[in-house]
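Input sequences plus hints: build the corresponding full structure.
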Amino acid sequence: MSGFWKRYRRNWGAVAGLAILLFVLLIALFAPLLYPVSPWQMSAPPLLDPFENSAFPLGTDMLGRDIAAGLVHGARVSLLVGTISTLCAVIAGVGIGSLAGYFGGWIDDVLMRITEFFQTIPQLAMAVVLVAIFTPSLVSIVTAIALVSWPPVARLVRAEVLSLREREFVEAARVLGRPTHLILFDEILPNALPPVIVTATLMIATAILTEAALSFLGLGDRNFMSWGFMIGAARSMLREAPWLSVMPGVAILLTVLAINLAGEGLNDALNPRLRQRGE
Amino acid sequence: MPFVTFLAGRIFKALLVIVAIAALNFLLIRLAPGDPASVMAGEAGATDPKYVDMLRARFGLDQPLWKQLALYLGQIVQFDLGFSYRNQVPVIALIGERLPATLLLMASSFVVSLVLGLGLGMAAAGVRFFGRARWLDSAIMSIALIFYATPLFWLALMMVLVFSVQLDWLPAFGMESVGANLKGWARIVDIAQHLVLPTLALSLFFMSVYVRLARAAMMEVMTQDHVRTGFAKGLTGGEVLRRHVFRNALLPIVTFAGIQLGQVAGGAVLIETVFAWPGIGRLMFDALLQRDYQLLLGVFLVTSATVIFFNLLTDIAYRFVDPRIRLEGGAR
Numbered sequence: 710m711s712g713f714w715k716r717y718r719r720n721w722g723a724v725a726g727l728a729i730l731l732f733v734l735l736i737a738l739f740a741p742l743l744y745p746v747s748p749w750q751m752s753a754p755p756l757l758d759p760f761e762n763s764a765f766p767l768g769t770d771m772l773g774r775d776i777a778a779g780l781v782h783g784a785r786v787s788l789l790v791g792t793i794s795t796l797c798a799v800i801a802g803v804g805i806g807s808l809a810g811y812f813g814g815w816i817d818d819v820l821m822r823i824t825e826f827f828q829t830i831p832q833l834a835m836a837v838v839l840v841a842i843f844t845p846s847l848v849s850i851v852t853a854i855a856l857v858s859w860p861p862v863a864r865l866v867r868a869e870v871l872s873l874r875e876r877e878f879v880e881a882a883r884v885l886g887r888p889t890h891l892i893l894f895d896e897i898l899p900n901a902l903p904p905v906i907v908t909a910t911l912m913i914a915t916a917i918l919t920e921a922a923l924s925f926l927g928l929g930d931r932n933f934m935s936w937g938f939m940i941g942a943a944r945s946m947l948r949e950a951p952w953l954s955v956m957p958g959v960a961i962l963l964t965v966l967a968i969n970l971a972g973e974g975l976n977d978a979l980n981p982r983l984r985q986r987g988e
Numbered sequence: 005m006p007f008v009t010f011l012a013g014r015i016f017k018a019l020l021v022i023v024a025i026a027a028l029n030f031l032l033i034r035l036a037p038g039d040p041a042s043v044m045a046g047e048a049g050a051t052d053p054k055y056v057d058m059l060r061a062r063f064g065l066d067q068p069l070w071k072q073l074a075l076y077l078g079q080i081v082q083f084d085l086g087f088s089y090r091n092q093v094p095v096i097a098l099i100g101e102r103l104p105a106t107l108l109l110m111a112s113s114f115v116v117s118l119v120l121g122l123g124l125g126m127a128a129a130g131v132r133f134f135g136r137a138r139w140l141d142s143a144i145m146s147i148a149l150i151f152y153a154t155p156l157f158w159l160a161l162m163m164v165l166v167f168s169v170q171l172d173w174l175p176a177f178g179m180e181s182v183g184a185n186l187k188g189w190a191r192i193v194d195i196a197q198h199l200v201l202p203t204l205a206l207s208l209f210f211m212s213v214y215v216r217l218a219r220a221a222m223m224e225v226m227t228q229d230h231v232r233t234g235f236a237k238g239l240t241g242g243e244v245l246r247r248h249v250f251r252n253a254l255l256p257i258v259t260f261a262g263i264q265l266g267q268v269a270g271g272a273v274l275i276e277t278v279f280a281w282p283g284i285g286r287l288m289f290d291a292l293l294q295r296d297y298q299l300l301l302g303v304f305l306v307t308s309a310t311v312i313f314f315n316l317l318t319d320i321a322y323r324f325v326d327p328r329i330r331l332e333g334g335a336r
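Chains A and B supply the protein sequences, listed in that same order.
Counting from 710, one number per residue, gives the positions in the first sequence under the numbering used here.
Counting from 5, one number per residue, gives the positions in the second sequence under the numbering used here.
Hints were generated in silico from the structure; no laboratory data involved.
The model shown is predicted, which means the values in this text are computed figures rather than measured ones.
All residues carry an ideal CB built from backbone N, CA and C; glycine is no exception.
Be careful, since some hints might not be right.
[What the hints assert, rightly or not] Facing chain A, according to a computed beta carbon distance under 7 Å, are these residues of chain B, among others:
1. L32
2. P155
3. L161
4. V169
5. P256
6. A269
7. L292
So, in structure tokens, the structure goes:
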């Protein structure tokens, strides 16, 4: 563990990413304490400039909603949707990939055709269709994002399992007569995990971008304030009040950047030998 | 395998995928909460019972499920994607009218992002290769990292803010100047001006993907034996880079670029929405606003078909480019 942290620390970008990420996480956790009033509440005169009124440090939008409150509450939705949809996608991807890789044959064929199918479809378009038809809610958004993002995990896990299943320690387990599911869970999957963790981290970033895009298009959950919605709502005011769209965008950019940096650091720390490959 | 067999096989596979997407569309309507016909009719406006009845007849909602699916697929084969009640036009007519604009945007973004990405990625790998100007490598990778994390639609808005609102250099909306009625060259120049911002906004994200890929692919080839051989037989660094590294790195990059096309199509939905670009992405957004699900599903199907068609083209192109690919499953 200390070796892991030592390797992670060497990448200063990754450390900076982790710091930003922790900051966003803290804000998200303590959002109800920082801004107990709903971010939808019209609480001040509309279109206050940032830094004009100390009670509303980042100003207000065209309906007098507090921008700072919106940003803080938006962090919750972004992180929540990002992590949960990625978790679902990883579970599905690991399941499908390990079955395909371990059993091979027609099971592999069928599962991989399905994976390719989902990879060919334009992902954002499919997410849009899914959320629109099943009516926008946190559940439908998370499901849609998970449904379009599992294929890379499945392919990755399949490749790992394919190479691991021929290794000696797996052979040994098989000779000892351990049941198949135990071989998969105890012997193979733990060894396939490091690259999956790195991929999952980067997927959270993509999921946050997708959630922002969906709510920008008006497909967000209207019970929760989100960064994408703020940008979409502020669009018509681009000329008069550009900061309304600038700030939530910067929030998304910083969060996604931080996750990508942290993911790269994780990659360096978990796979020290692969460092030079650059990917 | 002869070329004809290969081509037939690939086309068959592409058609199969399109049929699967159509079936998925059908399934989505069935799984959606509520009566399929009224879901299709849309919650907001179209409550005209005649229209709902028309939809019932179209999907044969009293028939067994497999018959309904067959009915639906049969109509799609005849290019009947349904009727947009909101616009009082068949869906296929709406899409046909808008498709060229999207194809133009996708093609220009694909070329721009690939050229920029390859150029910068090669430059980054090149300076590492010669062990000079490392700062250039870091600078390029930082740019790639930032654009990779920037939401497409926000980047588009910021470009409008800077280049249209503040500097007034380029038009922010539409594909042509309204009411200008330009002809010939003047019209082409006008469209090109409108194309600049949407193309850049859509390209920069994918550029960053290609930069990383190109750099990684080049660096991987650099470690291979034939590169050392190139030096050993007295070629200069530039020659080795051009003839031995770049050529071998190119193919995996282009392969991946082909796979990325689906994402370009998805990004086009966002970009067209921001720039009011009159393509099918914008049409999808309008369908969302109007809850016109027939249109929404039609656009989804056509977008997917477009992507599959381009994937097919890239697959065929490889056969001519890379003699090593002897078909079996393609380049992956």
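Now the hints, each set against the structure:
1. L32: With Cβ-Cβ at 5 Å, under 7 Å, it holds.
2. P155: holds (5 Å)
3. L161: holds (5 Å)
4. V169: holds (6 Å)
5. P256: violated (11 Å)
6. A269: holds (4 Å)
7. L292: It holds, given that the least Cβ distance between B:L292 and chain A is near 6 Å, below 7 Å.
Hint compliance for this structure: hint 5 is the single one not met.
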